[in-house]
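First to last, the protein sequences are chains A and C. Just so you know, the first sequence maps onto residues 1 to 398 in the working numbering. Just so you know, the second sequence maps onto residues 1001 to 1366 in the working numbering.
Treat the hints as calculated values from the structure; they're not laboratory data. Backbone N, C-alpha and C define an ideal beta-carbon position, used for all residues, glycine too. Check before you lean on any hint, since a few could be wrong.
Derived DSS-like pairs: lysine-lysine, alpha-carbon spacing no greater than 30 Å straight-line [what the hints assert, rightly or not]:
id : chain 1 : residue 1 : chain 2 : residue 2
1  : A       : 10        : C       : 1261
2  : A       : 141       : C       : 1292
3  : A       : 83        : A       : 141
4  : A       : 266       : C       : 1313
5  : A       : 141       : C       : 1313
6  : A       : 238       : A       : 181
7  : C       : 1313      : A       : 180
Computed far set for chain C versus chain A, every beta-carbon distance over 12 Å [claimed, not checked]:
id : residue
8  : 1004
9  : 1008
10 : 1023
11 : 1027
12 : 1037
13 : 1045
14 : 1050
15 : 1137
16 : 1168
17 : 1171
18 : 1275
19 : 1321
20 : 1339
21 : 1355
Okay, here's what each chain looks like letter by letter:
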Amino acid sequence: MDLEFTEEEKAFREEVRAFLKEKLPARLSDKVRNGQNLRKEDMEEWHAILNARGWLANHWPVEWGGTGWTVMQRAIFEEEVSKAHAPRIVPFGLSMLAPVLIKYGSEEQKKHYLPRILDGTDWWCQGYSEPGAGSDLASLKTQAVRDGDDYIVNGQKTWTTLGQYADWIFCLVRTSNEGKKQEGISFLLIDMKTPGIEVRPIKLLDGDHEVNEVFFTDVRVPVANLVGEENKGWTYAKYLLTYERTNIAGVGASIAAFEQLQQVAKTTMRNGGPLAEDPLFAARMAKVEIDLENMKTTNLRVLAAAGAGHAPTAESSMLKIRGTEIRQALTDLMRRAAGSYAQPWIHAAFEEGFNGEPVGPDWAAPVASDYFNMRKLSIFGGSNEVQREIITKSILEL
Amino acid sequence: MDFSLGEDRQMLVDSVGRYLADTFDFSAREKAIASSEGWSRAMWNGLAELGVIGAFFREDAGGYGGSPFDIGAVFGEVGRAIAVGPFLETLMAGRVLAATGRSEELAGVISGETRITFADTPMMGANGSPVAPMHAASNGDGWKLSGGKGVVGYVAGAELIVVSAQTDTGTSLFLVRGDAAGVSIRDYPLVDGGAAGELTLADTPAELLGSDGEGQALIDDATAAGLTALSWEAVAIMDVLRAQTIEYLRTRKQFGIPIGKFQALQHRMATVALEIEQARSAAINAAAALDKAPNVRDAAASAAKYTIGTVGKLTAEEAIQLHGGIGMTWELPLSHYAKRLTMIGHLLGDEDEHLSRYIALRQAAA
Ligand SMILES: Cc1cc2nc3c(=O)[nH]c(=O)nc-3n(C[C@H](O)[C@H](O)[C@H](O)COP(=O)(O)OP(=O)(O)OC[C@H]3O[C@@H](n4cnc5c(N)ncnc54)[C@H](O)[C@@H]3O)c2cc1C
């Protein structure tokens, strides 16, 4: 065994760091570090910077604009980008739809949509979940009925993340009610400007608008927007979900959050001493750190196996569970570190340009909201209960 | 032994519960927390009329109850309605007034006419260290207070503020008028609804409560009552979260059956139910010890705060998780119960602080 990175990998890490130092605008990393809300333009700005360097679609095949990086390089990149507090890259077009198009889309679809994802022309959102179809996604009911060269779509999607910004939505729709429910699903690309689409905001418990309901009433979608074959959408959807779950461990995000927590624990005084020296808080921090160190290696083991051509299945379920537990634990500790000062809810402080006097520690404003918001991590991307089902069935064979 | 509330107390509970259900439903709460004050004075006055505030205090202090179980019972109803308002602050500050013979001010508090709060938490600066410690000095013509206090509940608009400060002799408590010279307040809403503020005093005239240098015993007594109250409030919230989650497990269908049929979720809920009963016992223990010797009282109060802290986190997180996406929404009252339960952890010290205090108290007693 050799747990060291190779010389090439170390050099690559330095290259990424140099790039981030030069190109990541402080305005953006400050917002991320301070837990402020990113605007659409902020995400687009970072997207464009990465694209200009050719690193945006690093996991795509080289012919479509990918980098040809090894899985290890991708992991290093992800870690460094998170540690530098770069805005997250919105995954829907780049990491969810694109792999599906590349594998199952037609040449015209690839040529049309992939460059537009890269240059930011199209903002995509994910139309999978419905009110009645969450964990049981295959029971979805939104219907697409063939009418000449169009499908006519009726139904409702929900929990559509950042759908308020989206130009396009990729949807799972029902095209057949015969046979197994998985066998009547198709994968359809829908222009959000089509008449008959209505987007309604859902306010989350932290008060923010991040998800939406999307209603479809007699929406005409050209048959040319079907990906792959009719009634084969479930296969594509599952393929997409495995992609959604790579990087699901969120190692980089956790490392960045842990570093911030360490800093906070060092400087925050509690009962006359730094919080880091409080034995109970120190124990909480040590436990998360140990979990994180263990998961980093688990993640690298899975990546190394993937690099050797072993497609991860239930391992990614394990990474999803533990990775989200660690990220949630970190937000829990930040909230605890703030003590009484986790309570104030100064919404203006979440926006760029807030120049009001901070209340309490200057990092405290978003910590409670973050903690509540991050409850989503164990719910979406296949809930952690559903992941345990996958482990039970595919590894344990129980 | 008798674990029932007793007839009179049950009547009080019923009338408070009915009043809050009628006048402070979810949409009324939404309106209140979105208002500039962050709570509803009309609700407060209605409760005062019902004698709810008087139930916090003994008859010899002008109240109508004052036993630990009266306090617990009322806070249980506060929790069930996740009512926002200066309940905790009034209980704690009022207890200090009662203990120091300020019956005139206390009468105003009990009638609802006078709004009072309790300022004991140190103010923290941007760098995470305490700033502007509150100190008091007397120069012949009375006491003057200068310094800051942090996250003082419902401080804006309070006519009276009980403030802890250091004198040359030690920790002391003072009564400050909200409109006194040198009072400045930066107020803000709270994550779980309601309001608080940063309080700064600059040479503010104040009256000493009790004896100079003997404030800590009063603070400890008020804190023990506050912790007991919060424990009862928390357990009531847990009950609501449990009931709503069980109802959801019964009605939400995935894979063709109610999700409550999945054994994985059944066991999760069984654990939550078990833990809530432990939390209820901890709250009862705290109430039973509230009138006992300080070390017994404080150990039970810390034990309760530790327990509701750990069980509260479990219950809030599981309630959201087992609801799936819908549990994350503002629209569903459940998320507000979960938020309140979580934020109770941030009041009067979290579970770690109380675990430490419990250890110290037990070691001192041994
Ligand atoms: C913030 C947020 C953003 C989202 N963004 C998107 C998006 O952009 N696009 C999109 O399509 N969807 C999105 N989702 C939806 C997400 O994928 C669903 O919430 C998720 O699939 C769970 O479905 P549900 O909410 O209907 O919960 P349910 O499926 O009803 O689950 C309720 C509870 O039951 C459990 N459960 C269900 N089945 C089983 C079982 N067989 N065994 C044991 N336990 C079980 C679940 O784990 C959960 O705890 C988002 C959700 C959230 C919260």
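Hints and how they fare:
Proposed proximity of residue 10(A) and residue 1261(C) is contradicted: the alpha carbons are some 51 Å apart, above 30 Å. Under the criterion of a C-alpha separation no larger than 30 Å, the hint pairing residue 141(A) with residue 1292(C) is inconsistent with the structure, at around 62 Å. A distance of roughly 41 Å separates the Cα atoms of residue 83(A) and residue 141(A); the hinted pair therefore is violated under the 30 Å criterion. The hinted pair formed by residue 266(A) and residue 1313(C) meets the criterion: a straight-line CA distance of about 25 Å does not exceed 30 Å.
Note on residue 141(A) and residue 1313(C): the hinted pairing is violated, with a Cα-Cα distance of about 36 Å set against a maximum of 30 Å. Only pairs whose Cα atoms come within 30 Å are accepted, and residue 238(A) paired with residue 181(A) is accepted, the gap being roughly 14 Å. With a C-alpha separation of about 41 Å, the suggested pairing of residue 1313(C) with residue 180(A) is violated against the 30 Å cut-off. No Cβ of chain A approaches the Cβ of residue 1004(C) within 12 Å, the least distance being about 35 Å, so the stated non-interface status holds.
For residue 1008(C), the condition that its CB be more than 12 Å from all CB atoms of chain A holds, with the nearest at approximately 35 Å. Once the 12 Å rule is applied to beta carbons, residue 1023(C) is consistent with being away from chain A; the minimum gap is 24 Å. No beta-carbon of chain A comes within 12 Å of the beta-carbon of residue 1027(C); the shortest separation is about 15 Å. For residue 1037(C), the shortest C-beta to C-beta distance to chain A comes to about 14 Å, beyond the 12 Å cut-off, and the non-interface label holds.
Interface exclusion of residue 1045(C) from chain A stands, the closest Cβ pair being 25 Å apart, more than 12 Å. No beta-carbon of chain A comes within 12 Å of the beta-carbon of residue 1050(C); the shortest separation is about 28 Å. Every Cβ of chain A is farther than 12 Å from the Cβ of residue 1137(C); the closest lies at roughly 23 Å, confirming the non-interface assignment. Under the 12 Å C-beta cut-off, the non-interface status given to residue 1168(C) relative to chain A holds; the minimum distance is some 20 Å.
Listed as outside the interface, residue 1171(C) is consistent with that label: its C-beta sits roughly 15 Å from the nearest C-beta of chain A, beyond the 12 Å cut-off. Listed as a non-interface residue, residue 1275(C) keeps its Cβ farther than 12 Å from every Cβ of chain A; the least gap is roughly 17 Å. For residue 1321(C), the condition that its CB be more than 12 Å from all CB atoms of chain A is violated, with the nearest at approximately 6 Å. The beta carbon of residue 1339(C) sits about 6 Å from the closest Cβ of chain A, which is not more than 12 Å, so the claim that it is off the interface is violated.
Not every CB of chain A is more than 12 Å from the CB of residue 1355(C) (nearest about 6 Å), against its label as outside the interface.
Checked against the numbered hints listed earlier, the structure breaks hints 1, 2, 3, 5, 7, 19, 20 and 21; every other hint is satisfied.
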